[in-house]
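One letter stands for each residue in the lines below.
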Amino acid sequence: MRRSAVTGVGVVAPGGVNREQFWETITSGRTATRKITFFDPEGFRSQIAAEADFDPKAAGLDDQEVNRMDRYVQFAVAAGIEAVKDAGLDVESVDRERMAVTLGSAVGGTMVLERDYVVVSNHGEKWLVDHEYASPFLFHALVPSTLAAEVALRFGAQGPSVVVSTGCTSGIDGIGYGHQLIQDGEADIVISGASETGISPISMACFDPIKATSRRNDDAAHASRPFDRDRDGFVMGEGAAILVLEELESARERGAHIYCEVAGYANRGNAYHMTGLRPDGAEMGEAILDAMSQGGIEPEDIDYINAHGSGTKQNDRHETAAYKRTLGDQAYKIPISSIKSMIGHSLGGIGAVEMAACALAIDRGVVPPTANWENPDPECDLDYTPNEARRRQVDVALSTGSGFGGFQSAMILARPAELQEMGT
Amino acid sequence: MSVPTPESFTSLPNDDRRAVITGLGVVAPNGTGTEAWWEATRAGKSGIGRITHFDASQYPTQLAGEVDGFEATDYIEQRLIVQTDRWTHMALAATQMALEDAKYDPEGKDPYRMSVITASASGGNEFGQKEIQNLWGKGPIFVGAYQSIAWFYAATTGQISIRYGMKGPCGVVVQEGAGGLEALWHSRRNIRRGVDFVVSGATEAPIGPYALTCQMTTDRLSTAREAKSAYRPFDAAANGYVPGEGGAIIIVEEAGHASGRGAPQVYGEILGYGTTSDAYHAKKPTPNGGQLARAMRLALDRADVSADEVDAVFADAAGVPDLDRAEAEAIRDVFGGRGVPVTAPKTMTGRLYAGSGALDTAAALLAMRDGVLPPTVNLSRPAKGCNLNFVTEAQDASVNTVLVNARGFGGFNSAIVLRRPA
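First to last, the protein sequences are chains A and B.
Sequential numbering from 1 applies to the first sequence in this note's numbering.
Sequential numbering from 425 applies to the second sequence in this note's numbering.
To be clear, the hints were calculated from the coordinates, so they are not data collected in a lab.
Just so we're clear, the structure is a prediction, and the values are computed from it rather than from any experiment.
You may find that some hints are simply not true.
To be verified - Pairs of lysine-lysine residues, derived as BS3-like cross-links and limited to a Cα-Cα distance of at most 30 Å, are as follows:
(1) K324/A <-> K533/B
(2) K211/A <-> K35/A
(3) K57/A <-> K707/B
(4) K313/A <-> K211/A
(5) K562/B <-> K707/B
(6) K57/A <-> K708/B
(7) K313/A <-> K333/A
(8) K35/A <-> K562/B
(9) K85/A <-> K57/A
(10) K707/B <-> K126/A
(11) K554/B <-> K126/A
(12) K808/B <-> K652/B
(13) K35/A <-> K57/A
(14) K707/B <-> K85/A
(15) K708/B <-> K85/A
(16) K554/B <-> K707/B
(17) K313/A <-> K324/A
(18) K808/B <-> K211/A
(19) K469/B <-> K652/B
(20) K708/B <-> K652/B
(21) K313/A <-> K35/A
(22) K126/A <-> K562/B
(23) K562/B <-> K211/A
(24) K469/B <-> K808/B
(25) K211/A <-> K324/A
(26) K554/B <-> K35/A
(27) K652/B <-> K707/B
(28) K808/B <-> K708/B
Construct the entire structure; sequences and hints are all you get.
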């Protein structure tokens, strides 16, 4: 069976817009949530978000890219530049026909779609909008495949190229898709990951009526409180991460630094409700067990769980139940954390950012914490690594995701068995 | 402790598991219901006409392939209709048809062995336009509760999964116009990994004022005023394409599962697939068919089928002169001078984006079933460089193996090889 190694990591996230700043943020326990500055949030129920102070030029994008690309595409290209460099890949010399792009996004080009709509409709006045005011790259915003097309163009990738749009599990699923391409021999190198920039009025407004987002507007820094008793919803974020996946043997032959490999990936649907979760976590549990079984992973092998931990009442309860039903007593012993407590929930992007966190945790032997954890919730009684990072050898990390539409995904990253020290 | 096993299955690829197609459901501009659409298609009857969903008189593009007479209430309850966009209504209707066609009742079946994997390019755009209009015209509190679940590209897969209790690996793929084929192949990837039954395919509903405005920015839409002269791929008078709505839902099933339950028919097997990326330019169409040819060759190689065994090619048929020439060049490159029959029934529906790959697959399967190749309409004089053996009138033929092409804006090239069961 062909295996996929992670050989490069690139991140754009709130609190620091590259891999090292991201790592610094999430291991320091510092929160990047704040009152929204991108637009005036007056009149919205939730007025807070984790915004990234991103400068596309500084990240290496050229003038034309900045002009034509929506923010979520810019994030992915920036993270891609960083990841490809980190992998030490010379894209001029690799077989680009065997290089694929698999990227997740839940809401795609919403920001540009909304920005242009305000103009063509003259502030929501005309239903029959004035097409003369449309910007020349507006179709690019309508179809989120633009994300894969642009990243493929930037790196000259001529292999399979696809966007995966499974709501809030898009990030895990985007990487999982790339992993399957490598397994099946459809590609040797995959620029995989996800990107999302949903801090715009329409995206904020659509979560208001269903009360999914936090309304702790007067205390933004402490608003994202996964697993804490007083959590009141998620805090919108934005972000992207790219993981360069390579067929393990060829990565080893070229002497690449191998962060870890994808030891298992699975997804399931809950077939229950578009936004609701059954409290028992059965379907997420199935995804976890499938991923473990693929990699021959036992509960004792898992050193870290990176939770979806969105900070909604139902999610954190659901996820805790899923861990208990699959890992038994071991669920109480494994450090768990939600980095959404610090960088918010970037919808389809966050799953990839969380996989980046797992790859770095394995590489650097540190488990990032859950910030803002103060008061225990009787229904969430596991070890959520409150507030402070822990030094710990991490050979195997599990990450889970859950999203609107009922999607449940799990991925396990592991140091390849042949590189693990026996007995540690 | 030991390695746990899931109640359902471990998703590792198994070469013995093959993917066949056992059910079809169609909602198309020239017919709703598989047989009604297929009869119109064989007869060369077009569904392209003046836009009636809204007053399009101020727009340069005034023609589209609209699905007339489609009533969501014939298929789904009112409660669900108000929570979803037209694109999802069509998919739910087509799913119902496809399940009936496959004679499969998901009730009581192992939920984890059933999946939903669809493609989308334009999502719930009209629902989204309404809510953005409410937000900017009236204020945030006027945005409805269903925007969060109706607009995003995963809405259709999620709703089908919930409606039929399908808990297997679910997916949503986006490759603009190529996504319909990718969804079918991704279904096969999952069947190889343990799923038995996948609701796949794609629909689209991109004929709203804002979505149309978005599409016009590509400069690839026809501005002709007569249906006959608007979408003429490979013709010397090609002048862009006409967008359309609808598509097909396709049941992809593990071969042994289909035979074990006595499925009423196997339309064909998904034998091979190839997908490549041009990585050429952010907006300009590639004048070069090299990557499309490579996608076709990959599909043939994976299928272990030689080019000579292919009885017909269902073309992507962009209707954009550069892209038409690139496709014609790629087909000649792969199939040589033997004159493989080439057809493009989408000339009767317009381009349905992700829906097209699914609908063309349905047409290819029925061509194999009935031994007849559906025609390409509006093609009278091939453009320079576009000489191929076009099927311009329905013709009887022995059709056992077909190749379907689909391309997407942004440089996506896909080809799938289907074979009729022996």
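So, going through the hints one by one against the coordinates:
Under the criterion of a C-alpha separation no larger than 30 Å, the hint pairing K324/A with K533/B is consistent with the structure, at around 27 Å. Of the pairs offered as hints, the one joining K211/A and K35/A holds, with about 18 Å between alpha carbons and a cut-off of 30 Å not exceeded. Annotation: proposed proximity of K57/A to K707/B holds, straight-line Cα distance about 21 Å (limit 30 Å). This hinted pair checks out: K313/A and K211/A have alpha carbons roughly 11 Å apart, not beyond 30 Å.
With a C-alpha separation of about 35 Å, the suggested pair K562/B and K707/B falls outside the 30 Å cut-off, and the hint is violated. Straight-line distance between C-alpha atoms of K57/A and K708/B comes to about 24 Å, which keeps the hinted pair within the 30 Å bound. Pair hint K313/A plus K333/A holds up; C-alpha atoms about 23 Å apart against a cutoff of 30 Å. Between K35/A and K562/B the CA atoms are separated by roughly 23 Å; this keeps the pair inside 30 Å, and the hint holds.
For the given pair, K85/A sits about 17 Å from K57/A by alpha-carbon distance, which is consistent with the 30 Å threshold. With a CA separation close to 28 Å, the supplied pair K707/B and K126/A stays within the 30 Å bound. The straight-line distance between the Cα atoms of K554/B and K126/A is roughly 11 Å, inside the 30 Å bound, and the hint therefore holds. A threshold of 30 Å between alpha carbons decides the hint, and for K808/B with K652/B the separation of about 20 Å falls inside it, so the pair holds.
For the hint pairing K35/A with K57/A, the CA-to-CA distance comes to about 25 Å; that is within 30 Å, so the pair holds. Simply put, K707/B and K85/A have alpha-carbon atoms about 27 Å apart, close enough for the 30 Å limit, and the pair holds. Of the supplied pair hints, the one linking K708/B and K85/A holds, its CA atoms being roughly 28 Å apart against a limit of 30 Å. With a C-alpha separation of about 28 Å, the suggested pair K554/B and K707/B falls inside the 30 Å cut-off, and the hint holds.
Proximity of K313/A to K324/A is assessed by CA-CA distance (about 17 Å); at most 30 Å being required, the pair is judged to hold. The straight-line distance between the Cα atoms of K808/B and K211/A is roughly 59 Å, outside the 30 Å bound, and the hint therefore fails. Distance restraint check for K469/B and K652/B: the Cα-Cα separation of roughly 11 Å lies within the 30 Å cut-off, and the hinted pair is therefore satisfied. A C-alpha spacing of about 26 Å is found between K708/B and K652/B, which places the hinted pair at or below 30 Å, so the restraint holds.
This hinted pair checks out: K313/A and K35/A have alpha carbons roughly 22 Å apart, not beyond 30 Å. Distance check on the hinted pair: K126/A and K562/B sit about 13 Å apart at the alpha-carbon level, within 30 Å; holds. Using a Cα cut-off of 30 Å, the hinted pair K562/B and K211/A holds, with the two alpha carbons roughly 20 Å apart. Taken as a hint, the K469/B and K808/B pair is honoured in the structure, with Cα atoms around 27 Å apart against an allowance of 30 Å.
For the suggested pair K211/A and K324/A, the alpha carbons sit about 27 Å apart, so the restraint of at most 30 Å is met. For the given pair, K554/B sits about 27 Å from K35/A by alpha-carbon distance, which is consistent with the 30 Å threshold. Distance restraint check for K652/B and K707/B: the Cα-Cα separation of roughly 27 Å lies within the 30 Å cut-off, and the hinted pair is therefore satisfied. For the given pair, K808/B sits about 20 Å from K708/B by alpha-carbon distance, which is consistent with the 30 Å threshold.
Checked against the numbered hints given earlier, this structure breaks hints 5, 18; the rest are met.
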